[in-house]
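Below are the chains, spelled out letter by letter.
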Amino acid sequence: MDFPKELKYTETHEWVRIDGDTVTVGITAYAAGELGDVVYIDIPELKHVDKGEPFGSIEAVKTVSDLYAPLTGTITEINPAIGDKPELVNSDPYGEGWMVRITIENAAELDALLDAEAYRGKVGH
Amino acid sequence: MVDFAGFRMPVQYQGIIAEHKRVRTTVGVFDVTHMGEFEIRGRDAFAFIQRMTTNDVTRLSEGKVQYSAMCYDDGGIVDDLLVYHCGDTVQLVVNASNIAKDFAWLSDHVAGDVTLVNRSDETALLAIQGPKSLETLARLTDLDLASLPYYHFLRGRIAGIDCLVSRTGYTGELGYEVYFEADIGLAKRMWDAIFEAGEEFEIAPIGLGARDTLRLEVGYCLYGNDIDRTTNPLEAGLGWITKLGKGEFVGRDALVRAKEAGLKRKLVGLLVEGRSVPRHGYEVIVNGVPAGVVTSGTMSPMLERCIAMAYVPVAVSEPGASMHVRIRGQDVPARVVKVPFIEKHA
Numbered sequence: 001m002d003f004p005k006e007l008k009y010t011e012t013h014e015w016v017r018i019d020g021d022t023v024t025v026g027i028t029a030y031a032a033g034e035l036g037d038v039v040y041i042d043i044p045e046l047k048h049v050d051k052g053e054p055f056g057s058i059e060a061v062k063t064v065s066d067l068y069a070p071l072t073g074t075i076t077e078i079n080p081a082i083g084d085k086p087e088l089v090n091s092d093p094y095g096e097g098w099m100v101r102i103t104i105e106n107a108a109e110l111d112a113l114l115d116a117e118a119y120r121g122k123v124g125h
Numbered sequence: 001m002v003d004f005a006g007f008r009m010p011v012q013y014q015g016i017i018a019e020h021k022r023v024r025t026t027v028g029v030f031d032v033t034h035m036g037e038f039e040i041r042g043r044d045a046f047a048f049i050q051r052m053t054t055n056d057v058t059r060l061s062e063g064k065v066q067y068s069a070m071c072y073d074d075g076g077i078v079d080d081l082l083v084y085h086c087g088d089t090v091q092l093v094v095n096a097s098n099i100a101k102d103f104a105w106l107s108d109h110v111a112g113d114v115t116l117v118n119r120s121d122e123t124a125l126l127a128i129q130g131p132k133s134l135e136t137l138a139r140l141t142d143l144d145l146a147s148l149p150y151y152h153f154l155r156g157r158i159a160g161i162d163c164l165v166s167r168t169g170y171t172g173e174l175g176y177e178v179y180f181e182a183d184i185g186l187a188k189r190m191w192d193a194i195f196e197a198g199e200e201f202e203i204a205p206i207g208l209g210a211r212d213t214l215r216l217e218v219g220y221c222l223y224g225n226d227i228d229r230t231t232n233p234l235e236a237g238l239g240w241i242t243k244l245g246k247g248e249f250v251g252r253d254a255l256v257r258a259k260e261a262g263l264k265r266k267l268v269g270l271l272v273e274g275r276s277v278p279r280h281g282y283e284v285i286v287n288g289v290p291a292g293v294v295t296s297g298t299m300s301p302m303l304e305r306c307i308a309m310a311y312v313p314v315a316v317s318e319p320g321a322s323m324h325v326r327i328r329g330q331d332v333p334a335r336v337v338k339v340p341f342i343e344k345h346a
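Protein sequence lines correspond, in order, to chains A and B.
Using this note's numbering, the final residue of the first sequence is 125, and nothing's skipped along the way.
Using this note's numbering, the final residue of the second sequence is 346, and nothing's skipped along the way.
Please note: incorrect hints may appear among the correct ones.
Below 16 Å or equal to it, Euclidean Cα-Cα: the simulated EDC-like pairs (lysine to aspartate or glutamate) are [unchecked claim]:
#1 A:Lys62 with B:Glu304
#2 B:Lys188 with B:Glu304
#3 A:Lys85 with B:Glu304
#4 B:Lys243 with B:Glu260
#5 B:Lys21 with B:Glu260
#6 B:Lys64 with B:Asp88
Read the hints as simulated data drawn from the structure, not as lab findings.
Just so you know, these numbers come straight off a predicted model, no measurement behind them.
Bound-form chain A, shown alone (with noise of 0.2 Å):
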């Protein structure tokens, strides 16, 4: 399962890449793939978010999971593309199928996510 060096991670799935104060987020193709074709991905506002905090959710056709901010910051952007099709996230997980940009506050969280190494560790592939 891939999971790309450069971006990193979360407990709870998200992937996230760093560009400055600037971080886009989404879920690993692992999330993805565990929760089955997605057919709608609800994130309600552009918002001020605390780290763990949830901004949307996501339906599969199976279950439906809560989408958690991994950093402290303001959702600045939501990915327009995702509401039409929503499947990207399963097609493209760390490409067309991000799901939301936030300006980050505090830098010292970053610390705390996970390497690709490390959460493939977390999820056994």
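Since chain A is already given, all that's left is putting chain B on it; use the hints.
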């Protein structure tokens, strides 16, 4: 993969939506060997089944299948099942999760010359479902499947393997269920032959996930979700298999009383706005007050709309009645629609 009724079962192979559409458009194969099969023998076998099930077994003749249910004395449902009339014996096909319970229930009620045999572990079952199921299977058998009516069965050979094949299924599509000896070598031969015969139709294996969405689109009940010991067949929309006039059967008195008192709730189909999926256990809100419960729900792959089955008060059970489903704190508009949600082609 999930553990289900003692079996390791795939929820999906390629994805629930792709598998679902495969069955609706061409053909898919379900390994449903986990289902339970009981053989009932003896001079009083038919009288026994007549007393234990809600449908009227006297309407069956050899080679026919009947959808039926078993009830507790209070009218709650023990299980829903298929009854196969095999001449001098009866085969029952029951839900995998209920095998032990059903066998014990039947055993406790045996009277007269009746022998019950649990054949579940020695019986393999593949369901071949979809508009191309007939063409696929016809290549593997001399049996005249094209002339086999819905809810009838034949015995013979498919892929050279002795089997019972019935025109039944849980998808609402043309389809067949093939019962044969549970032997890994035979099962592999059968599976491979079916996949070779269906190759041009892009035949595919179908998991439990699509099994659930397929049955839900056509409004078939799932035991444990839509029906259980706390629901009776009349409120579950199974009045058509509940023959109160056939004479005595277990649960009849309670069902007659329930009918005379007037049903309080009904299992209905709901079309739910938006794209948040209604799921088992979510509340149904009528005039601002919790008044019912969703028993099954999904995003319908064919309608691309959210659909659900729910118990609602009889007063709001007619098509067109509007209400809300509380989906994780949000009250989402829904209205009652006729089931099946899509046209059946079985």
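Verification of the hints:
1. At most 16 Å may separate the alpha-carbon atoms for a hinted pair to count; Lys62 (chain A) and Glu304 (chain B) meet this at roughly 15 Å.
2. About 36 Å separates the Cα atoms of Lys188 (chain B) and Glu304 (chain B), which puts this hinted pair outside 16 Å; it is violated.
3. Between the alpha carbons of Lys85 (chain A) and Glu304 (chain B) the distance comes to roughly 12 Å, so the proposed pair stays at or under 16 Å and holds.
4. A C-alpha spacing of about 15 Å is found between Lys243 (chain B) and Glu260 (chain B), which places the hinted pair at or below 16 Å, so the restraint holds.
5. Taking the CA atoms of Lys21 (chain B) and Glu260 (chain B), the gap is near 43 Å; set against the 16 Å cutoff, the hint is violated.
6. At most 16 Å may separate the alpha-carbon atoms for a hinted pair to count; Lys64 (chain B) and Asp88 (chain B) meet this at roughly 13 Å.
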